[in-house]
Structures are given as structure tokens and as C-alpha cells.
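Asker: Take the sequences, apply the hints, and build the full model.
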Amino acid sequence: MAEPTLEKRDFFAHESSYIDEGAQIGTNTKIWHFCHVYGKTKIGRNCVLGQNVTVANHVIVGDQCKIQNNVSLYEGVILEDYVFCGPSMVFTNVKTPRCEFPRNTSADYHKTLVKRGVSIGANATIVCGVTLHEGAFVAAGAVVTKDIPAYGMVAGIPARLIGWMSAYGDVLEFDNNGYAVDSAGTRYQKVSEIEVRKL
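Add 18 to the 1-based position in the sequence shown for my numbering, that's all there is to it.
A hint or two may mislead.
DSSO-like, lysine-lysine: derived pairs with alpha carbons at most 27 Å apart [stated by the list, open to error]:
#	residue 1	residue 2
1	Lys164	Lys113
2	Lys164	Lys84
3	Lys129	Lys164
4	Lys84	Lys58
5	Lys48	Lys129
6	Lys48	Lys60
7	Lys58	Lys133
8	Lys84	Lys129
9	Lys84	Lys60
10	Lys164	Lys133
11	Lys164	Lys60
12	Lys133	Lys60
13	Lys58	Lys129
14	Lys58	Lys48
15	Lys84	Lys216
16	Lys113	Lys129
Label-pair ranges, simulated between beta-carbon atoms [stated by the list, open to error]:
#	residue 1	residue 2	range
17	Arg178	Thr45	38 to 46 Å
18	Lys60	Lys164	22 to 30 Å
19	Asn195	Thr163	31 to 39 Å
20	Glu33	Asn194	56 to 64 Å
Calculated directly from the structure, the hints in this document are not laboratory data. Even for Gly, the Cβ is constructed at its ideal location relative to N, Cα and C.
Answerer: See the structure below:
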């Protein structure tokens, strides 16, 4: 299937942005001022890329994602559906960068997986090689250095688990039997101090 031309594409890109040939961009996605989307990327449907967003080669962005201003998605980053990246949050992709001895091949890049429904606050940093599981919530300014469990809420430097949040966005309060219900009526079970399940 041929790539859409500028006249026929079914997404929006501001005239100040660069969309390299070969980039796959889904229907109704909006790409705002001063963005750069590399040619070997895949961006899903109904996404919004704010001002000054970079999407590097081999990055995958799912459907309905919102990438706020000044975010760079480097090679190795995978976002599933409904991921929110707050303004100026940071991804990395190399563990031990050096200018004199560059580590800039695909073999050097560590994968960072951000699963469905994760929210990452403004100015947070996600150190590469971690997985943020479904519905995790990263507070503004946090520095994430290890995996976050599903629906886990983390804050601080380094980020630590401080509670649990539902997919809807409610802080979960568990009863004596380990159950909680959010304002959307969805039930959750606290299985252990490091695991919560949506029922």
C-alpha cells in the first residue's frame, strides 16, 4: 500500500513540522508545530503530538496517545494505546552514553515499554530498559529506574510506589478484604503489596 501523499493523507500535520517519507501515521492523528517524525516510525489513530515532539526511527505509538510539548520518543520506546506523556517528560535509550565512544546503534538501545493507559507527569524521567505496566501513574518530576506494576502510582527520585490508581484515574482505597471500587464502578483487588488486579 502506497504511503499517503500530503494531499491525500488522513492525518493533520502543521506546516512547520517535518514528516519523513515512510512514516506510518494513523487516521485523525494531529501533529502540531515544530515536530519531527522519522521515516521508520508507526503512530496510531487519534493521537495528538504537541509542539516540538520528536519521534525517532523504530518507535511505535499506539492509538489515542497524547504526547505533550517538548517530548522526544527515542528508538527503543514503545507506547501502547491511551498513553499520556506530560510536557517535557524524558525518555532515555542508552544506559551508559559517552560522546567519545558513541553508543548509537540499534544493538545499544534498551527497550522501554509503556503499556495501555499509563500516564507520565510533566518533567518525569523514564530511564531506559523498564516496563510501565497497564494504568501506571508517574508523578510529575519522578525518575523511574525500575518496572512499575499495573495501576501503581509512583513519585520521587528515584520513583517509589506510593499507592494505586484505577484506569479511570481514581486513587484506590482498599477495604479490609483488599477490594476497591472506583467512581466508574470498576472493581480492583489488592493481591499483595506490589500487585493490584482489575476485576
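Asker: Each of the hints needs a verdict: does it hold here or not?
Answerer: Now for the hints, and whether the structure bears them out:
{"no.": "1", "hint": "Lys164 to Lys113", "result": "13 Å, holds"}
{"no.": "2", "hint": "Lys164 to Lys84", "result": "23 Å, holds"}
{"no.": "3", "hint": "Lys129 to Lys164", "result": "13 Å, holds"}
{"no.": "4", "hint": "Lys84 to Lys58", "result": "20 Å, holds"}
{"no.": "5", "hint": "Lys48 to Lys129", "result": "26 Å, holds"}
{"no.": "6", "hint": "Lys48 to Lys60", "result": "14 Å, holds"}
{"no.": "7", "hint": "Lys58 to Lys133", "result": "21 Å, holds"}
{"no.": "8", "hint": "Lys84 to Lys129", "result": "20 Å, holds"}
{"no.": "9", "hint": "Lys84 to Lys60", "result": "15 Å, holds"}
{"no.": "10", "hint": "Lys164 to Lys133", "result": "14 Å, holds"}
{"no.": "11", "hint": "Lys164 to Lys60", "result": "26 Å, holds"}
{"no.": "12", "hint": "Lys133 to Lys60", "result": "16 Å, holds"}
{"no.": "13", "hint": "Lys58 to Lys129", "result": "16 Å, holds"}
{"no.": "14", "hint": "Lys58 to Lys48", "result": "18 Å, holds"}
{"no.": "15", "hint": "Lys84 to Lys216", "result": "23 Å, holds"}
{"no.": "16", "hint": "Lys113 to Lys129", "result": "11 Å, holds"}
{"no.": "17", "hint": "Arg178 to Thr45: 38 to 46 Å", "result": "40 Å, holds"}
{"no.": "18", "hint": "Lys60 to Lys164: 22 to 30 Å", "result": "27 Å, holds"}
{"no.": "19", "hint": "Asn195 to Thr163: 31 to 39 Å", "result": "33 Å, holds"}
{"no.": "20", "hint": "Glu33 to Asn194: 56 to 64 Å", "result": "59 Å, holds"}
Hint check: no violations occur; every hint is consistent with the structure.
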